[in-house]
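Enquirer: Given next are the chains, with one letter for each unit.
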Amino acid sequence: MALNQVELGHTNELPGQDREAIVIPSRTKEMALKAGLGLTLILAMTFIALPVVSLFVKSPLDATLRSLYDPVVMDALKLSLMTSTLTTLTVVLMGTPIAYVNARFHYFGRDIADSLIDLPVIMPPAVAGIALLMAFGRMGILGHYLNAFGFGIAFTTLAVIIAQVFVSSPFYIRQAKTSFEDVDTAFEDAARTLGASRVYTFFHVILPIASNGLISGAIMAFARSLGEFGATIMFAGNFQGRTQTMPLAIYTAMQGDLNVSLCLAIILVIISFVVIALVKMLTRRVYKNVRD
Amino acid sequence: MLEIDVEKQLRDFKLEVKIEVAEGEILMLVGDNGCGKTTLLNLVAGLISPDSGRIALDGRPLYDSAFRISVAPEVRNIGYVFQSYALFPHMSVYDNVAFGLRTRKLSEQEIEFLVKDHLEAAGLWEIRRAKAGSISGGQKQRVALARALIIEPRLLLLDEPLSALDVRKQAAMRRDLREKIHSCGVPSIIVTHDLRDVACIGDRACLIEKGKIALSGEADDVIGWGAIANSDVIKPKDSTV
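Protein sequences, first through last, are from chains B and A. Here the first sequence is numbered in numbering that gives the first Met the number 0, starting from 0 and rising by one per residue. Here the second sequence is numbered in numbering that gives the first Met the number 0, starting from 0 and rising by one per residue.
In isolation and in its complexed conformation, chain A is listed as follows:
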């Protein structure tokens, strides 16, 4: 289980979020640009530090301001799919996926076995020698996901994983993405703008407004949020989920 209870002063507002994500659960974060969604993912990944609070995974703290604990991002074992996918352009598809295994000093034999397994499952084995910069958007998305999953992460973070794809590919990818993430059985947080992503991929969803959770509920309820979110009804009454 992932427990987040953090505060961070951003330029225009204060990010104050308290959420929990259960094992195997997919939490969707929705909200306007600049509302703090990606910042929250970066806080959890350890790429930036909160001002105060606590982040714990399976009961073990990743960050705890009270005890001055801050685990470095490289030892958190979190799979992170970036919005731009951040595939290393100078490496092949194979080397991108193998990167996380090489940092863990696995033998080349083990690496080859695991990479082949993941690339074949993603339908990417044929293009394993292609440079990451030269493949299509859909292939990049699958490589980024394979790279994040191969390290057997304890938590998955995905920042708008479908935004770089065209509409037709998005629809096909949603079901695929949900299946892959669920098969890992770890807590997952996905940032998105698209309410269709929430309905198709997520189990639960939170609407973030100016750094605070304005609404939360089952993913199926979210379609109704579109109308509510534009009205004055929403007030961030309770930022605890």
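So that you can see chain B by itself, here it is in the shape it has in the complex:
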């Protein structure tokens, strides 16, 4: 672009015919650039949209609707919604204080704690599953002792929740930390001088100001736990009604009834769309709050 401006600048000193000779190639370049960018955008959009659209096109509507009453679908749907809700509640209760402390206080080892929190995001799900098994499994470091008291975790619904908490907590904690960092410390200071304790200030000032960001983070964590597959199948197994969540049911049904698979996939896609819409709406409100 700068090069074009330099070229155009020179044209002021050139006779009419020569000026045209230089200007036309620069316009052509600009148009070619725009066309190239447009094409890339269309290709990228098609690449993402095609599989999603195919899901709907290839699903016979009556068969998909019938599959809704299939026990596999109902069990998976109920279990997924129940575990994801409990996971989100756990992540919010556990993650909010952690996010606040990491946003507001400097302590020895904070960077290490931050990296540890982010680790499950980059960890392959299968690795997460086997790591959870080594920690909480029957022969795991902690699971060994729990098992001695007759409290087995692996291959139970609790294992599904633990696996989901492990993989989805970074999504909430990271977003919550950013939201807390965005809250001006002057609000906290003002509240303290007005007679509010730290706890009162947290619940009446900081939390409401950061709430949109926290909700957005919770929705992301919910979505991540709903789609969790690798760690769950490794750590919790694949038992209908107990540990078979929707992604696991899709995988299992693929080997038998494709319609059941498609029905579950469509439900997950619809939930994903709703999640994205909610997150976008809330993110816009977060930025508006920060601007104000």
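Derived from the structure by calculation, the hints contain no laboratory data. Some hints here could point you the wrong way.
[As the list claims (entries may be wrong)] Reference listing, derived: stretches of chain A covered by chain B, where coverage requires no fewer than 3 residues with Cβ under 8 Å from a Cβ of chain B:
#1 72-80
#2 165-178
[To be verified] To give a feel for the contact side, a few chain A residues facing chain B, derived at Cβ under 7 Å:
#3 Ile-47
#4 Ser-51
#5 Ala-85
#6 Phe-87
#7 His-89
#8 Gly-184
Idealized CB from N, CA, C, for every residue including glycine.
Chain A: place on chain B using the hints.
Expert: Only chain A this time, still in chain B's reference frame:
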């Protein structure tokens, strides 16, 4: 009476200040950006802690390093108007002003009576339901002042209370501010950059340079400081006022 005698090591220099502010007196603190004015207000409010020294209000220590006393900011009963006003954006004008009364667990009836009184006096009753983020700069300043005054503070701290206003509003606000602060009859410290604020609002003024009091005197004398402050004459000889 407010007595301050504190030291705090800042990044570039050491803040060493010893001042006293009498009942009903308005002390103006002037100085360049980063000279330690706002830090001094935060030390008095208890938002940050001095390295050593003593801060006492009406003879009772708020901070005393010798006796390891440090009263928490929420029980100091200090009215603080922040430079950005720090109005809670998620609350209405009414709730902002009522905040300090709710933390004191007053009944809703008492709160309504007091808030109405203060908002009407400040000409803000009509906009009581507006969100604090959506009102004008002048209104924000009046809300912040009402919020600080409603708790009947024993001390008032104002950090550049007029800086966010345009010049025309500043002139109108100066007299209003002086009257309101004087009506409280408590010691007050106001940080400002503007020598006109000093002359119009203050009773006494201190010039702070690199954490030390370089000059002090009656507010009316301050207009002459502009010329002196730029010369090499000023040396922080005595940091006691």
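Enquirer: Please go over all the hints and tell whether each is borne out by the structure.
Expert: Evaluation of the provided hints:
Proximity of the region 72-80 of chain A to chain B, defined as three or more residues with a beta carbon under 8 Å from a beta carbon of that chain, is established by the 8 residues found. Figure legend: the region 165-178 of chain A, annotated as covered by chain B; annotation inconsistent (0 residues with Cβ-Cβ distances under 8 Å, at least 3 required). At a threshold of 7 Å, the smallest CB-CB gap from A/Ile-47 to chain B is about 10 Å, leaving the interface hint violated. Because the smallest distance between the Cβ of A/Ser-51 and any Cβ of chain B comes to about 22 Å, over 7 Å, the interface hint for this residue is violated.
Hint on A/Ala-85 holds. Least Cβ distance to chain B is approximately 4 Å, under the 7 Å limit. A least Cβ separation of about 6 Å between A/Phe-87 and chain B falls short of the 7 Å threshold, and the interface hint therefore holds. With its C-beta approaching chain B no nearer than about 5 Å, A/His-89 sits inside the 7 Å limit, and its interface hint holds. Among the interface hints, the one on A/Gly-184 is violated; its C-beta lies about 19 Å from the nearest C-beta in chain B, farther than the 7 Å criterion.
Violated hints, in rising order: 2, 3, 4, 8; the structure is consistent with all others.
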